[in-house]
Amino acid sequence: MYSRNLPYLLLLPATLFLCIFFLYPFVLVAWQAFVSDTGEFTSEYFMEMATHWKFNTALTNTFMLALAVVPFQIALALYMATLVNGMKRGRDLILYVWTIPLGISDLAAGIIWLAIFEQTGFLNSMLQGLGVIEQPVGFLGYQSKGTIFLAIVLAEIWRATAIVLVILVAGMGLIPKEYYEAAEVFGASRWKQFTRITLPMLKPSLQTAMILRVILAFEVFAVVVALGGTNLPILMGEIYTWQYDLRDSSVAAAYALVVLAISIAFTLLIMWGLRTPKGARV
Amino acid sequence: MMVKKSLMSLALAAGLTTLGAGAASADVLFWSTQGNTVEESQAMRDQVLAGFESGADFQPSDTGPWITRIEAELQAGSGKIGVLGSLHGSLISLGDGLADLSDVNTDGVNSTFLELGKLGTDQQKYIPWMQATYIMAANKKALEHLPEGADVMALSYDQLIEWAKNMADATGSPKFGFPAGPKGLKHRFFQGYLYPSYTNSMVSKFRSPEAEEAWNKFKELWSYTNPGSTNFSFMQEPLLTEEVWVAFDHTARLADAFNQRPDDFIGFPAPAGPTGRGFMPVVVGMAVPSSAPDMAQAKELIAYLSQPETQIATLKATNFFPVVDVELPDDMPAAVKLSGAAIAAMSGAADANPGLLPVGLGDLGGKFNAVYVDSFERIVLAGQDVRAVLDDQADTLRKLMEEAGAPCWAPDADSEGACPVE
Amino acid sequence: MSTAAKMATGNVTGKSAWHKYVFTGAVILLCLWVLVPIYLLLVNTFSSPEDVSGFPKSFIPNIDTGSVEFFLNYAGVGQALWSSIKVATVTMILSIMAGAPAGYALSRFEFRGKETFRVLVLMTRAFPLPLLALPLAVMYLRIGLDDTVLGLALVHTMLALPFAVLITFSLFSGIPVELEEAAWTLGCNRFQAFVKVILPLVLPGITASAIFAFVISWNEVFAAAVLTIENRTLPAFLLQGLGNAPLHLKFAGGAVLVLPALLFIFLVRKYLFSMWGIANR
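Chains as they are written, first to last, in the numbering used here: chain V, 52 to 333; chain U, 18 to 439; chain Y, 43 to 323.
Just so you know, these hints were derived from the structure itself, not from any lab. Any given hint might turn out to be false.
Claimed, not checked - Taking lysine-lysine pairs in the PhoX-like style, the calculated list, with each CA pair at most 25 Å apart, reads:
(1) Y/LYS62 - V/LYS254
(2) U/LYS416 - U/LYS333
(3) V/LYS228 - V/LYS254
(4) U/LYS182 - U/LYS135
(5) V/LYS254 - Y/LYS156
(6) V/LYS105 - U/LYS200
(7) U/LYS182 - V/LYS196
(8) U/LYS236 - V/LYS196
(9) Y/LYS156 - V/LYS228
(10) V/LYS243 - V/LYS228
(11) U/LYS236 - V/LYS105
(12) V/LYS139 - Y/LYS62
(13) V/LYS196 - U/LYS416
(14) U/LYS416 - V/LYS105
(15) Y/LYS156 - V/LYS139
(16) V/LYS243 - Y/LYS312
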């Protein structure tokens with residue numbers, strides 16, 4: 052039947068794309084993680100990865116970073132989106148300013164924040180100018196893992212909140228005005244309007260935003276290297292190390308599969324947690 | 018609608034140009050990890066390669082893309098890369114994919130380095146392109162804090178530690194710097210400087226009591242080292258910002274500081290330990306992948322780059338020293354003069370103990386380096402027990418050496434079969 | 043709009059004024075939060091090399107354009123910029139051509155494999171591109187796509203596809219099916235109804251999704267550095283060795299990379315917020 056095949060027909064271009072440019076190379080890479088040089092299935096590479104002394108640290112750090120960054124970003128973006136929606140004039144300009152980081156690559160973001168936090172950077176210049184400190188503080192030294200972590204969290208929030216904001220602002224625009232008008236009539240407080248109307252209606256956008264952010268958070272790399280140097284091992288950094296320094300693409304592939312598995316797990320979790328019941332879509 | 022239309026026409030235009038650009042250019046593609054900063058690439062193209070008659074296209078890149086691209090070309094069996102330029106350490110892992118360059122004229126090229134370029138085989142896998150070595154650099158402000166009786170041109174590790182301590186006490190913050198950042202070449206310091214200076218060995222005495230002493234000394238030095246060091250990959254930057262006053266790094270990575278403020282800095286030899294003044298060269302090689310589109314032209318480029326005049330032009334462009342015998346003219350940049358003096362003092366010292374780069378490790382070279390870097394991170398950064406870490410890492414090292422079957426190299430004594438880890 | 047309406051009609055005047063201060067304060071603070079780091083990058087970009095490595099730093103640049111001029115005069119920058127624009131443009135078009143039909147299908151039909159497809163699309167972002175680059179490069183070398191604008195654009199499209207699918211999915215979901223059905227009863231077939239009724243409504247949103255694709259392509263470095271040589275894009279061309287470059291050039295390079303993207307977002311900001319269809323009121 053025409054319309055039964057139509058969805059598959061429509062999916063065809065995208066699927067073809069994914070098969071050729073993602074699945075094909077992906078299978079080749081993933082294969083390396085399971086098959087030894089002699090062509091036998093082996094768990095040796097996963098063992099090597101898991102028993103390496105940096106694995107646990109890298110895994111923990113990656114999780115901690117995602118955990119520190121993503122929830123805060125979602126909350127901040129929600130707040131920013133509400134602010135924007137309450138704006139009468141200058142909405143376009145403010146939105147533009149807030150979405151600027153969208154165009155900034157992680158490499159550039161790393162450079163920018165290094166200029167702020169390094170020992171001779173802007174933060175130290177300001178603190179010294181204000182007389183808070185006598186001489187520059189090394190924020191990014193190896194003993195100050197806490198400040199390194201904080202600096203990375205700040206830089207990540209600065210860099211990647213814009214994408215969440217864009218998705219949420221657009222999603223809020225979809226909520227019919229009538230709902231709020233009705234709520235006004237019944238005298239619902241703004242907080243109540245937010246929790247009873249905005250949040251539930253925003254579920255699909257929230258879902259999209261969270262999935263995208265979580266996936267990208269597990270791949271965080273350039274900013275961490277710029278600010279943390281070798282102090283804060285993360286999964287992506289280990290992938291690079293194994294692939295290019297240690298020249299062991301099997302273990303690198305094993306690491307990459309771990310990243311993928313975590314991402315898929317979180318994606319499913321978010322999909323399930325923020326599912327919209329059928330028929331409740333706008 | 019307008020936007021959409023103009024986008025469409027743009028895309029069409031783009032598609033057409035793509036088709037038009039299909040004709041291959043005849044230039045040799047020089048795929049290099051060195052000279053990859055914008056200033057250096059520009060100098061390489063304008064000052065060095067402009068004189069190559071058949072034309073060369075210098076494309077530098079970071080290690081990741083560099084390895085990925087050449088591996089892809091080797092796997093595909095065809096490609097665009099004519100000549101590879103990279104550190105000894107990156108070239109050893111490509112061993113089998115490199116063509117034999119025995120028929121390239123190598124008159125005047127340093128014979129020790131030529132031997133390294135065979136990578137333990139009987140073929141000339143790469144031809145040395147340029148070299149550097151690690152030296153020390155100091156801001157002149159630091160000199161007044163030198164320990165009494167110490168000669169900066171002939172320091173010992175103990176004196177260096179005392180010096181670093183004096184500076185930290187006097188200024189309130191550690192002023193010694195070490196390139197322990199992600200791209201810093203710290204493994205070469207442990208392999209070629211610390212170990213030979215304390216154990217007269219790089220591999221076989223890895224877990225000896227002398228090695229334990231060496232690591233404890235380094236830990237002591239580290240306590241007077243700028244903690245930002247784990248972010249430093251190129252010591253010229255913190256030297257210029259004066260975050261550090263005294264630093265250890267290789268000559269090309271100090272050059273900017275010397276060139277920008279030649280009157281403020283001095284260069285001097287690496288320190289000496291109980292078994293002499295260990296030091297090690299950094300060798301950059303040129304190789305031709307077996308997938309090269311035009312083997313003859315690629316070899317021509319290598320021969321061109323080995324000429325004395327080209328080597329001097331390369332020195333000016335990249336701050337790496339020639340590997341052929343040449344008289345350096347007088348109009349050299351300050352970095353060359355300052356580091357040249359330090360190198361001369363280091364290699365001419367009575368207690369000089371030169372080491373060689375690892376050979377015969379194949380694609381285990383990276384893991385070999387990781388043994389030293391991991392030891393550093395565990396002992397010095399994570400504060401783990403020296404003895405335990407050395408014993409643990411020695412097992413890894415022994416396995417690596419046996420798997421690669423690599424015999425010992427200087428300063429370790431020659432071995433029958435794989436270099437033993439005692 | 044609700045909060046604004048609420049504010050205008052605030053219950054208690056004092057509370058309303060207080061709200062207004064908090065509101066304005068928060069907006070200004072957040073603007074500063076975004077702008078100050080960029081300003082500092084520009085300060086470093088337009089300072090002399092000595093000032094860039096000096097301490098304490100001045101928060102007002104002494105306007106030294108040496109570093110920027112170096113980049114502008116750097117041989118090949120123009121060509122790399124042109125390559126970047128070509129690749130990003132082709133990426134925009136391809137990602138819409140492949141993504142929009144998929145988004146439409148996801149929004150209008152219930153079918154088997156729907157969730158699988160959604161997860162599959164997202165997987166492309168969850169696996170590190172640097173590892174995929176090797177098999178892709180081998181494939182490209184064998185089939186002759188190596189070092190072409192199209193080849194790189196195809197890889198970038200793969201990266202942009204999740205965004206294109208998700209955004210267009212939301213767009214189409216925001217348009218009532220009844221609108222289409224009405225068109226069918228008036229004698230349009232499915233395709234005609236789509237072109238005449240739906241397309242005009244979603245076009246701004248589609249443009250927004252194209253903008254995402256553009257930005258993704260613009261900032262991608264690794265695949266560009268491996269898959270192109272003559273046709274290197276600006277990030278791949280400039281960023282090689284940027285980490286090793288002297289400080290002043292590092293910052294100038296960062297600025298050269300950031301500014302075109304800012305300009306682009308500024309030019310297309312209208313579309314950016316219309317991606318959920320009717321959002322831009």
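Does the alpha-carbon distance linking U/LYS416 and U/LYS333 stay inside the 25 Å limit?
-> Answer violated: U/LYS416 to U/LYS333 is near 42 Å, above 25 Å.
Hint consistency between V/LYS139 and Y/LYS62 [alpha-carbon to alpha-carbon, up to 25 Å] | Holds, at roughly 12 Å.
Within a Cα-Cα threshold of 25 Å, do V/LYS243 and V/LYS228 meet the stated pairing?
-> Answer holds: V/LYS243 to V/LYS228 is near 15 Å, not above 25 Å.
For the pair we were handed, Y/LYS156 and V/LYS228, check the Cα-Cα distance against 25 Å.
-> violated (31 Å)
Is the hinted pair Y/LYS156 and V/LYS139 satisfied, with a Cα-Cα distance of at most 25 Å?
-> Distance of about 40 Å is beyond 25 Å: violated.
Quick one, are V/LYS196 and U/LYS416 close enough, alpha carbons at most 25 Å?
-> Since the Cα atoms of V/LYS196 and U/LYS416 sit roughly 33 Å apart, the hinted pair is violated (cutoff 25 Å).
Take a quick look at whether U/LYS236 and V/LYS105 sit within 25 Å of each other, Cα to Cα.
-> Cα-Cα ~21 Å, so holds.
Below or equal to 25 Å on CA atoms is what counts here, so check V/LYS228 against V/LYS254.
-> holds (17 Å)
Take a quick look at whether U/LYS416 and V/LYS105 sit within 25 Å of each other, Cα to Cα.
-> Judged against 25 Å, a Cα distance of about 20 Å means the pair holds.
For the pair supplied as a hint, V/LYS254 and Y/LYS156, confirm whether the alpha-carbon distance does not exceed 25 Å.
-> Holds. V/LYS254 to Y/LYS156 sits at ~19 Å (cutoff 25 Å).
Is the Cα-Cα distance between U/LYS236 and V/LYS196 25 Å or less?
-> holds (19 Å)
Please work out if V/LYS243 and Y/LYS312 have their alpha carbons no farther apart than 25 Å.
-> violated (31 Å)
Consistency note: the structure conflicts with the earlier hints numbered 1, 2, 4, 9, 13, 15 and 16.
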